[in-house]
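*Asks:* Just so you know, the protein sequences line up as chains A and B, in that order. Taken in order, the first sequence gives residues 20 to 263; the numbers are from our numbering. Taken in order, the second sequence gives residues 2 to 289; the numbers are from our numbering.
Any given hint could turn out to be false.
Claimed, not checked - Quick list of in silico lysine-lysine cross-link-like pairs, DSS-like style, CA-CA up to 30 Å:
id : chain 1 : residue 1 : chain 2 : residue 2
1  : A       : K139      : B       : K15
2  : A       : K138      : B       : K174
3  : A       : K134      : B       : K214
4  : B       : K145      : A       : K221
5  : B       : K15       : A       : K108
6  : A       : K37       : B       : K19
7  : B       : K219      : A       : K138
8  : A       : K167      : B       : K180
9  : A       : K167      : B       : K145
10 : A       : K134      : B       : K167
11 : A       : K60       : B       : K19
12 : B       : K214      : A       : K138
13 : B       : K19       : A       : K139
Since the hints were derived computationally from the structure, they do not count as laboratory data.
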Amino acid sequence: MNTKEMRRIIVQAAHHAKHGHMPSALSLVEILKAYSEVQQKEDEIVLSKGHGCLALYAMLHLQGHVPLDEVLNFGKYNVKLGGHPDRNKLDQIYASTGSLGHGLPIAVGAAMARKIQNKKGNIFCIVGDGEANEGSIWESLLIAVSNKLNNLIVIIDYNKSQIRSLEPNLNTKMFKSFGCDVALVDGHDVEQLIDSMFVFDKPKVVLANTVKGKGVKEIEDNMFAWHHRAPTDEEYEKFIEVIG
Amino acid sequence: MRGEFAKLCLETIKNDSKSVVMVGDISHFLLRETEQVAPDRFYNIGICEQSMVGMASGMAIEGMRPIIHTIAPFLVERAFEQIKNDIGYQNTEVTIVTVGGTYDYSDLGCTHHCYGDIAMMRLIPNMQVFEPSTPQEFRTLFEKTWGNGLPKYFRLSKEQHSQDFKVEPEVMKVVRESKDGRWVFVSGHILDDVLESPNIGVIYVPTLSSINKESYLKISKIIENAKKVYSVENHFTIGGLGDFVSETFNVVVNRIGLERKFLTNYGNFSNLRRDAGMDRQSITKKLS
């Protein structure tokens, strides 16, 4: 799976469908690339920040689960892939997300169910820094620690999108004090991400420093303007060229 | 009712290895035997209702059948969006059991009242909504729907009625024929109070989300020529039994229930029933 190709699909889909949260998806690309590298048959991933779904759809396409046409037409009437992921429309989508702060509790419940049933496989969950404003993220993390869920890997896509409102000031100390194992990584360095995606005896938090809109400078520099905007034909051509 | 809940939890946890019980820091002592029998499938999850709902959904996605339990306002009202998205929309088989509907916790004030739980749960597509009013009714409805793959809500009231008849999920029960052409639909323990009104026909409704075809046809025929149709519910008149009857049979329903206001007095259950105009005397007067 090629990260440039994932970025091209994200931009192409937003352009084709004329909508989409491009910057939130672009920051996730290396995280999902790394996940696809370490993913075992039994592993599952919950995209708690569901609005970053274009990156997930790009990954699912490159893994052969959905045709490109489906991704490009996401959010159109009567298709499988929506503006947020829906688990009841595609088997490879593990949980339906969209409203923030819901995915991590679901992931914690799933990890707990696997412990109870002695089932193999880790549950991965991608949480945004904006989402870390939600109390349910911290509640469920506490529950995960309390129940020693050593099959849960939470990746924080720390793309600093929350600097305009309630900046959560996320740091490793915070998560350590909760009782998690913590790794601080460059969220665009696939090797670092891969090295962090393991779990030992307690829930793991991977604090991944990322850039919202990564890979397209114009979007990186204007992340709020681009939060939910589709590129024009001209912008699309330019962005594809920039991505390379 | 809580005793029956404890028995059902214990039996379910013994008989279904996929079952798991989570409570939001209440009923821990009540359910101690369940915990003793299956400590790996009983969790006092803490005071974090929204996470408990999401977790239950994740467990159900993994093939388990969770029962989650706490006081109605803290689950239904506080975690409403989680119930909508994580249970209703995902369509996961999670069983929600609450106590403290309406003003069961009368002396604890309005934070602990919940006048609209039935309406709120009826708003969630896929959710089956039940109000059993005797331990036997609860057992029947619980056992007959366990494992049906659907999200379920059970409101357990502190009070119960004293009638002895059998109930079925999605079936309305004709308790008494009408002598004057008027019919009243009733849910909950106030069935006893409604039966004090002479002559009026009485239909008891323990499932508030749906009705099966056979029951629908039977009740439709019965009320076809009704002179007047009433509903009586210990719940807001908005969104509950009255609306269910009206939308199901396309009839005008004279709704008797709680007005849209907070009951700010304390005292016991009877005190607040009187304040709400839902004591026996008031109900009888409204049905006369």
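*Asks:* Look at each hint and say if it fits the structure.
*Replies:* The hints, checked one at a time:
1. Pair hint A:K139 plus B:K15 holds up; C-alpha atoms about 24 Å apart against a cutoff of 30 Å.
2. Straight-line distance between C-alpha atoms of A:K138 and B:K174 comes to about 44 Å, which puts the hinted pair past the 30 Å bound.
3. The hinted pair formed by A:K134 and B:K214 fails the criterion: a straight-line CA distance of about 42 Å is larger than 30 Å.
4. The suggested pairing of B:K145 with A:K221 is violated, with an alpha-carbon distance near 40 Å, which exceeds 30 Å.
5. Note on B:K15 and A:K108: the hinted pairing is violated, with a Cα-Cα distance of about 34 Å set against a maximum of 30 Å.
6. Distance check on the hinted pair: A:K37 and B:K19 sit about 44 Å apart at the alpha-carbon level, beyond 30 Å; violated.
7. Restraint check for B:K219 and A:K138: the C-alpha separation of about 48 Å exceeds 30 Å, so the hint is violated.
8. Between the alpha carbons of A:K167 and B:K180 the distance comes to roughly 64 Å, so the proposed pair goes past 30 Å and is violated.
9. Between A:K167 and B:K145 the CA atoms are separated by roughly 35 Å; this puts the pair beyond 30 Å, and the hint is violated.
10. Distance hint between A:K134 and B:K167 is unfulfilled; the C-alpha atoms sit about 40 Å from each other, more than 30 Å.
11. Among the hinted pairs, A:K60 with B:K19 is consistent with the structure: their alpha-carbon atoms are about 22 Å apart, no more than 30 Å.
12. For a cut-off of 30 Å, the pair hint linking B:K214 to A:K138 is broken: about 41 Å separates their Cα positions.
13. Distance restraint check for B:K19 and A:K139: the Cα-Cα separation of roughly 16 Å lies within the 30 Å cut-off, and the hinted pair is therefore satisfied.
Hints 2, 3, 4, 5, 6, 7, 8, 9, 10, 12 from the earlier list are contradicted by this structure; the remaining hints agree with it.
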